[in-house]
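S.K.: Residue numbers (the working numbering), protein chains in the order written: chain A, 1 to 288; chain B, 1 to 288.
Among these hints, one or two may not hold up.
Cut-off 25 Å, straight-line C-alpha distance, at most; resulting in silico cross-link-like pairs (SDA-like, lysine to any residue) [what the hints assert, rightly or not]:
(1) Lys8(B) x Lys211(A)
(2) Lys12(A) x Arg45(B)
(3) Lys77(B) x Glu42(B)
(4) Lys211(A) x Leu173(A)
Hints listed in this document are in silico derivations from the structure and should not be mistaken for laboratory results.
Please read all numbers here as calculations on a predicted model, not as lab measurements.
There are 2 protein chains.
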Amino acid sequence: MEIISDIKEMQKRSYGLREKGHRIGFVPTMGFLHRGHSSLMEKAREENDALVVSIFVNPTQFGPGEDYEAYPRDVEKDQALCQKVGTDLLFSPSPSGMYPSGFGTAVSVSGITEGLCGASRPGHFDGVCTVVAKLLNIVCPHRAYFGLKDYQQFQVVRRMARDLDIDTEIVGLPTVREPDGLAMSSRNAYLTPGERKAALTLFQALQWARKMVEGGILEAGTIEERVREMILSTNGASIDYVSVVDAEELSPVKIIRDRALLALAVRLGKARLIDNIILEAGNRQSNG
Amino acid sequence: MEIISDIKEMQKRSYGLREKGHRIGFVPTMGFLHRGHSSLMEKAREENDALVVSIFVNPTQFGPGEDYEAYPRDVEKDQALCQKVGTDLLFSPSPSGMYPSGFGTAVSVSGITEGLCGASRPGHFDGVCTVVAKLLNIVCPHRAYFGLKDYQQFQVVRRMARDLDIDTEIVGLPTVREPDGLAMSSRNAYLTPGERKAALTLFQALQWARKMVEGGILEAGTIEERVREMILSTNGASIDYVSVVDAEELSPVKIIRDRALLALAVRLGKARLIDNIILEAGNRQSNG
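Model the full assembly from the supplied sequences, consistent with the hints where possible.
M.R.: Below you can see the structure in the form of structure tokens.
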């Protein structure tokens with residue numbers, strides 16, 4: 001495994017791989033890697049000739065007062081994991097390399113960025129779109145892999161790549177969970193033991209919502225209300241949002257007909273955790 | 001010469017050329033081609049293995065009430081010119097291909113887009129940046145060529161390509177002029193014979209400004225004022241802007257020290273014409 005921090009060097013290597021006809025799989029990350037990331041990396045390893053992983057804690061997708069400074073980092077452990085899964089190139093640029101003096105370009109997606117995390121984290125998806133556009137231009141991958149725990153991010157990035165004719169297939173893979181159901185997240189590191197127990201409320205609420213739909217409750221408002229009640233009964237938990245939306249357009253739905261997404265964001269101590277589930281009328285569900 | 005309208009097909013051909021190690025030169029245009037365009041195409045032909053020209057009248061860079069519908073078009077003449085200069089691939093996408101249903105992504109550049117045409121045409125440069133980002137992703141050129149008549153556009157596109165790590169060198173080439181000095185522009189087609197004569201005021205004003213600087217007048221305000229007076233003394237001419245700005249950052253300057261840009265936009269009948277000149281303290285000048 002080779003570690004590259006220079007942007008031009010990374011780009012040169014990517015075009016070199018493309019010229020040799022190699023297919024590039026790419027997993028962009030902010031580091032502090034866990035099994036969610038390694039599931040993406042393993043799939044990318046399997047489906048492509050070369051595996052590129054990036055580690056970059058992107059300052060522009062954190063809002064004022066968010067956890068950019070505190071975001072957990074563990075370079076050595078991350079490198080060991082990348083090595084283990086067969087990463088060819090680990091791209092690890094610096095903030096000043098990515099955002100040089102005079103930087104002034106933004107990529108933004110309208111519509112599907114308005115609700116959910118877009119509403120509670122203004123500017124977040126502009127930061128995500130801009131850095132992902134840059135990374136895709138640098139790494140030139142044939143496929144880029146994103147976890148569906150960040151479902152809205154996946155849809156936003158997919159829309160951005162389609163709209164800008166970026167020649168990369170955006171692949172979304174299922175959320176990886178702890179044995180008790182908590183979605184893997186670097187931010188789980190913020191949780192105290194008590195909060196870690198309380199955090200299970202997210203998964204339990206999603207499961208409960210699935211049961212409601214299986215039981216024929218299809219009114220989004222009813223599901224949202226009961227999920228909110230369940231979460232608020234958990235010690236220390238406060239709600240950022242609980243929303244049932246169309247699974248493609250992420251616009252609010254009143255009745256679950258086709259595929260809907262139940263997405264939620266919950267604060268527990270220092271952590272803001274998100275999770276989601278696809279709800280399908282007719283007892284079917286997926287992405288759990 | 002081959003004409004391609006399908007985006008995926010164009011992209012496939014571009015990556016095919018890159019995989020063969022061919023260097024791609026690209027000239028993006030809105031058609032109604034003139035000698036300004038052919039100078040770009042000839043340079044691109046000379047400096048690269050393959051020449052790609054695009055013709056696309058981009059609706060999103062026209063504001064409400066601007067001349068999108070009326071913008072002059074002559075497909076046959078354009079194709080003949082492209083053929084003549086040795087174009088390999090003429091890319092001619094449809095508006096619905098470029099902006100499919102649900103399109104919602106914008107690329108924007110701050111700072112250098114705020115003055116000059118950016119101030120008088122709100123949203124114009126967002127439209128330019130977005131379509132150029134798309135075209136660069138589709139054509140994947142090693143070099144893309146822009147005329148310096150649209151000086152701000154050149155600087156904005158260069159900034160955008162740098163900021164998004166687009167692997168394309170953005171090349172600016174000098175303004176091509178009619179024998180009497182009028183800058184070549186597709187929009188010159190709007191001019192009546194009387195307006196065509198009056199339009200010479202733009203070039204004359206730029207030349208006069210150059211003389212002023214050569215004569216030691218370095219105060220931007222004085223130059224702007226005299227240029228305005230000269231243009232306003234021309235029958236039927238009204239001023240959109242006359243501005244002396246820093247040639248790189250496009251921010252206003254008070255005294256011409258290093259390289260400054262005198263840029264102007266003038267309305268004559270249905271036409272809005274732009275032109276510019278680089279002014280350098282110490283009797284030197286260029287880009288005339």
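S.K.: Compare the structure with each hint and give your call.
M.R.: Results for each hint:
no. : hint                  : verdict
1   : Lys8(B) x Lys211(A)   : violated, 43 Å
2   : Lys12(A) x Arg45(B)   : holds, 24 Å
3   : Lys77(B) x Glu42(B)   : holds, 17 Å
4   : Lys211(A) x Leu173(A) : holds, 23 Å
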